[in-house]
Amino acid sequence: MKNTIVLGVIGADCHAVGNKVLDYAFTEAGFHVVNIGVLSSQEDFINAAIETDASAILVSSLYGHGEMDCRGLREKCEEAGLKDILLYAGGNLVVGKQEWEPVKKRFEAMGFDRVYPPGTPPEQSIRDLKADLNLE
Amino acid sequence: MKNTIVLGVIGADCHAVGNKVLDYAFTEAGFHVVNIGVLSSQEDFINAAIETDASAILVSSLYGHGEMDCRGLREKCEEAGLKDILLYAGGNLVVGKQEWEPVKKRFEAMGFDRVYPPGTPPEQSIRDLKADLNLE
Amino acid sequence: MELQNKKWTEEEFLKVREEVLNQWPTGKEVDLKEAAEYLKKIPDNKNFAKRLKKAKEEGVTLAQPRAGVALVDAHIELLQHLQNEGGADLLPSTIDSYTRQNRYEECEVGIQESIKEKRSMLNGFPAVNHGVKNCRRVVEAVNLPVQARHGTPDSRLLAEIIHAGGWTSNEGGGISYNIPYAKSVTLEKSILDWQYCDRLVGIYEEMGIEINREPFGPLTGTLVPPSMSNAVAIIEGLLAVEQGVKSLTLGYGQCGNLIQDVAAMKALVAQAEEYFKVYGYKDIDLTTVFHQWMGGFPTDESRAFGVISWGAATAALSGATKVIVKTPHEAAGIPTKEANAAGIKATKQVLSLLKEQKLETSKALEEEIKLIKAETKCILDKVFELGKGDLAVGTVKAFETGVLDIPFAPSKYNAGKILPARDNNGAVRYLEFGNIPMSKEIKDFNRELLEQRAKLEGRNVGFQMTIDDIYAVGKGSLVGRPEK
Amino acid sequence: MELQNKKWTEEEFLKVREEVLNQWPTGKEVDLKEAAEYLKKIPDNKNFAKRLKKAKEEGVTLAQPRAGVALVDAHIELLQHLQNEGGADLLPSTIDSYTRQNRYEECEVGIQESIKEKRSMLNGFPAVNHGVKNCRRVVEAVNLPVQARHGTPDSRLLAEIIHAGGWTSNEGGGISYNIPYAKSVTLEKSILDWQYCDRLVGIYEEMGIEINREPFGPLTGTLVPPSMSNAVAIIEGLLAVEQGVKSLTLGYGQCGNLIQDVAAMKALVAQAEEYFKVYGYKDIDLTTVFHQWMGGFPTDESRAFGVISWGAATAALSGATKVIVKTPHEAAGIPTKEANAAGIKATKQVLSLLKEQKLETSKALEEEIKLIKAETKCILDKVFELGKGDLAVGTVKAFETGVLDIPFAPSKYNAGKILPARDNNGAVRYLEFGNIPMSKEIKDFNRELLEQRAKLEGRNVGFQMTIDDIYAVGKGSLVGRPEK
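For the protein sequence lines, the chains are A, B, C and D, in the order given.
1 is the number of the first residue of the first sequence in the UniProt record's numbering; add one for each residue after it.
1 is the number of the first residue of the second sequence in the UniProt record's numbering; add one for each residue after it.
1 is the number of the first residue of the third sequence in the UniProt record's numbering; add one for each residue after it.
1 is the number of the first residue of the fourth sequence in the UniProt record's numbering; add one for each residue after it.
These are computed hints drawn from the structure, not numbers from a lab.
Certain hints may be false.
[Stated by the list, open to error] List of simulated lysine-lysine pairs, BS3-like, C-alpha gap at most 30 Å: (1) Lys183(C) <-> Lys104(A); (2) Lys53(D) <-> Lys76(B); (3) Lys358(C) <-> Lys358(D); (4) Lys455(C) <-> Lys53(D); (5) Lys412(D) <-> Lys50(C); (6) Lys104(B) <-> Lys116(D); (7) Lys358(C) <-> Lys183(D); (8) Lys54(D) <-> Lys475(C).
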């Protein structure tokens with residue numbers, strides 16, 4: 001389904017507040033949100049995407065290990081047959097306060113379509129996702 | 001008199017608190033303090049030093065104009081016959097937060113024997129003055 | 001082993017212990033007798049329990065940061081900076097998130113990557129992997145007490161290693177380090193595992209070694225109504241002292257309304273002491289911790305200093321024994337050591353300016369204390385009832401039935417039916433009570449306060465208020481008013 | 001002209017005015033009618049009086065920095081930065097110290113040197129030298145009201161130029177801009193000169209143009225007992241409204257003890273309104289200003305943020321209409337524009353977090369208000385008595401006899417016999433009363449509080465306490481305890 005998305009917090013990260021707010025915001029915006037919650041592995045994201053025929057995977061990471069946790073996700077998606085699935089990442093993706101541009105570049109190099117810095121309002125990623133999926 | 005000092009706040013500066021505390025501290029330390037107070041001109045300092053045969057002039061400046069107000073004081077002292085009088089300066093000597101070393105150098109170049117940064121406790125200048133005057 | 005709120009026998013403890021110490025090779029480094037000898041030599045100024053007791057007697061508030069990096073030398077450098085430059089009164093060692101999930105292999109990867117990348121690739125100190133010797137290196141390199149701070153549902157091996165390593169306090173609890181930190185760990189297991197941690201401290205106490213325990217007060221740190229966090233704190237306190245813990249620090253996370261925050265701290269101490277008395281626990285050395293704002297922070301560092309300082313002021317005015325300090329980098333994630341020191345310095349300045357001052361009693365304060373106590377009692381009465389007198393059993397059942405329910409928690413064992421929102425004064429109230437068994441009077445009062453807000457804002461009471469409140473402090477205000 | 005507290009006639013005013021406008025060439029730029037036309041076109045959001053009235057109605061606290069540099073373009077850049085980056089609600093133009101002493105030739109040197117050195121060699125904006133046109137350039141370049149802040153005993157020409165220049169507020173007063181700012185200006189002269197400034201505002205008011213006046217509350221900013229600063233504020237307020245001022249902002253400088261600070265603000269408003277009523281002044285739009293800590297600051301910027309934030313919190317809790325903001329560079333002197341903006345941002349974060357909160361009434365607060373009012377009344381009663389009913393005459397005589405006496409003031413017309421010190425709670429009390437005519441009860445109470453402190457500290461009540469208190473905040477605490 002074009003408007004189905006998989007939402008979750010990757011790795012050993014248990015920050016649930018933003019996850020619950022994103023769930024609410026994307027649902028309100030008309031998406032069918034498959035929320036796999038916190039502490040989710042790459043496999044959890046991929047399995048959920050296959051099962052629900054999702055168009056996008058939205059990965060949150062708030063605890064600084066995002067860089068290690070997200071590495072290889074694009075490759076695993078392709079192996080699993082999720083050829084054109086959109087990959088978004090956002091949150092506090094790295095340990096410590098770093099320049100944003102290099103962080104963004106590293107995640108883009110890993111195959112993420114969009115990467116969001118800390119404090120991005122849900123509205124922006126909703127707008128972007130609608131554009132990327134040609135919704136509305 | 002070897003232990004007589006002239007104390008004052010130079011220029012259009014009316015910061016009186018530190019002046020009153022210095023007066024108290026130097027008096028307690030055994031100096032004969034001639035306190036000409038705030039809003040004192042170079043001439044006020046020099047006249048007081050001549051009248052009381054002082055060994056040192058302690059110039060405070062808290063309002064940032066110290067650099068302009070102190071310029072030429074050494075030369076005027078020499079013209080007035082105060083050949084070997086000690087000149088000390090302290091406070092917030094310049095406008096704004098600046099590197100301390102260049103400020104110190106500028107004041108030393110103007111002929112000041114000792115220059116103190118903001119927040120120096122009176123005890124330090126008392127110690128220095130006793131050393132410079134071979135007291136105790 | 002069947003869960004009940006009863007001190008473990010030596011046999012029970014030792015049986016589990018054998019398994020625990022085999023969870024990772026460094027477990028073999030732990031020798032209880034040798035550790036006790038080591039701990040006895042720790043000077044008073046490095047003993048967490050003794051330092052807190054002294055602060056309580058002097059009526060001062062101590063400042064403690066959060067901090068931890070992957071490698072031992074870098075971690076020591078970090079703690080020394082917080083001690084020497086920041087002026088911290090108590091030191092932490094924040095444990096990384098893989099250790100919290102007992103994923104020690106991944107810690108090993110993180111350690112290796114950190115060496116390679118020359119920066120910490122872990123968000124804390126992997127104490128289990130580093131083992132007893134390295135924990136001792138840490139405590140020997142500083143002049144202050146060291147505490148482990150983490151979020152580990154099963155902290156048994158970690159507790160063994162850090163205490164044997166000379167760290168004289170451990171944060172956490174069977175509820176507070178499960179429900180906000182795990183997705184699918186049962187409460188039976190986490191409470192049992194924390195009984196183990198508490199019993200370990202009890203055993204040390206019986207050997208004459210004072211070790212502090214601190215249940216994690218703020219839970220999800222997001223709009224948790226004070227009566228819910230106080231109920232959990234009191235339960236975890238009772239569970240801990242049953243296992244022989246003597247030095248206990250109960251905590252609370254700042255909500256932001258001064259009256260409510262001070263009332264929550266006062267209610268927490270008074271009510272915990274009442275329960276200790278009723279259940280016959282004597283000689284408990286009870287201290288308190290106040291957490292500076294745990295929710296979203298402004299990205300601007302000057303604004304962050306404002307939030308930090310207001311937290312410090314509330315901590316001082318509430319008479320907290322210690323305050324956990326945030327940093328001006330909070331919004332961006334894990335801070336540099338300089339930013340961490342900056343947060344401590346701002347905090348200490350405010351604490352020290354206010355050390356002669358407490359919030360004076362007022363009618364509003366007294367009423368808020370009364371309300372929090374009444375709400376807390378409604379919850380605790382039901383917990384005891386559900387457990388037929390056994391608090392541990394009651395706690396499990398209370399979460400099953402939503403009698404205990406923590407907003408925004410990731411655990412599937414949490415009902416997630418309650419919703420909080422702020423009233424017009426910024427105090428956190430219950431918007432949805434879920435299955436929490438409050439009296440009608442209390443429910444009506446909470447509702448009335450939120451209706452007043454709704455009226456002022458020209459909208460209905462609802463989840464949008466909650467969402468607006470979640471992001472409000474980051475945007476500058478306490479109450480998330482609709483934009484004009 | 002003989003000093004009395006009576007509205008100047010048009011004839012009196014115009015006679016003096018001719019002389020005033022000839023003090024410096026830019027005086028010729030002032031044309032009252034043209035200025036009135038110009039001021040009428042100033043939009044409400046740039047009118048100081050209207051902005052304050054709105055804030056008072058909304059119950060919010062506005063943030064205003066201090067700032068001023070020598071050159072017009074740089075000054076505009078500075079104010080725009082404070083407005084756009086800092087988020088200031090009200091803008092200042094701090095006037096340089098040469099202008100404050102009417103030494104316009106030296107200002108000219110400072111302006112030339114500033115051009116040459118490409119940095120400001122003056123500690124403020126020399127508004128008289130820059131003249132009406134440049135003042136208008138300033139106000140036209142920003143979106144907020146602009147006020148002159150200075151310390152000028154004779155501010156007559158300055159007032160003419162800034163008001164004609166579209167600046168809709170002027171800080172100062174015949175006492176508060178003389179005794180703490182001058183050495184040998186008589187009070188007769190400074191009060192007359194400030195009657196002129198007030199009358200000028202009164203004339204604009206009569207033309208339908210609202211202009212705000214703000215007596216300078218903190219005086220020497222150093223341990224001034226609240227009753228002394230409140231007495232001066234009320235006198236200056238009464239002198240101003242007699243000349244036709246309608247928008248009046250009375251001020252107070254933070255002492256640091258929350259109860260005393262809030263009590264002082266509440267006593268100030270209540271007592272000022274009582275006096276206005278008794279003396280028949282109607283339709284006075286009274287607002288308040290709270291000054292963040294005016295004494296010595298810590299050099300460490302993080303610690304300075306702590307001091308700033310605590311000041312902001314007290315301002316909010318006291319319900320001040322505006323707060324004057326310090327910066328993290330305070331200890332080092334005049335701040336960069338970035339540091340200035342940082343101070344505003346920290347302040348605004350705290351103000352906005354606390355906008356729903358006020359300090360609740362408590363017994364301690366009520367008693368402190370009562371004490372401050374009683375002390376203030378003792379002083380004011382005597383001032384009126386000395387002046388045989390004329391407040392202006394009474395003020396001069398009160399300073400002569402030490403009935404009014406401001407600690408640490410440079411003026412030779414100030415007796416300098418009183419000494420302040422903090423009590424055990426950090427509240428500022430009278431250590432030496434000099435000739436201030438307090439009741440025995442009040443004197444005994446002040447003394448008793450200080451004896452309690454002396455006992456705790458194991459030393460005698462004396463000047464060393466005062467000195468220790470002066471430096472205490474810079475070192476981190478409120479009360480200057482002896483070092484152990």
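To see whether the hints hold, each was checked on the structure:
no.: 1; hint: Lys183(C) <-> Lys104(A); in the structure: 29 Å, holds
no.: 2; hint: Lys53(D) <-> Lys76(B); in the structure: 54 Å, violated
no.: 3; hint: Lys358(C) <-> Lys358(D); in the structure: 16 Å, holds
no.: 4; hint: Lys455(C) <-> Lys53(D); in the structure: 25 Å, holds
no.: 5; hint: Lys412(D) <-> Lys50(C); in the structure: 56 Å, violated
no.: 6; hint: Lys104(B) <-> Lys116(D); in the structure: 21 Å, holds
no.: 7; hint: Lys358(C) <-> Lys183(D); in the structure: 41 Å, violated
no.: 8; hint: Lys54(D) <-> Lys475(C); in the structure: 23 Å, holds
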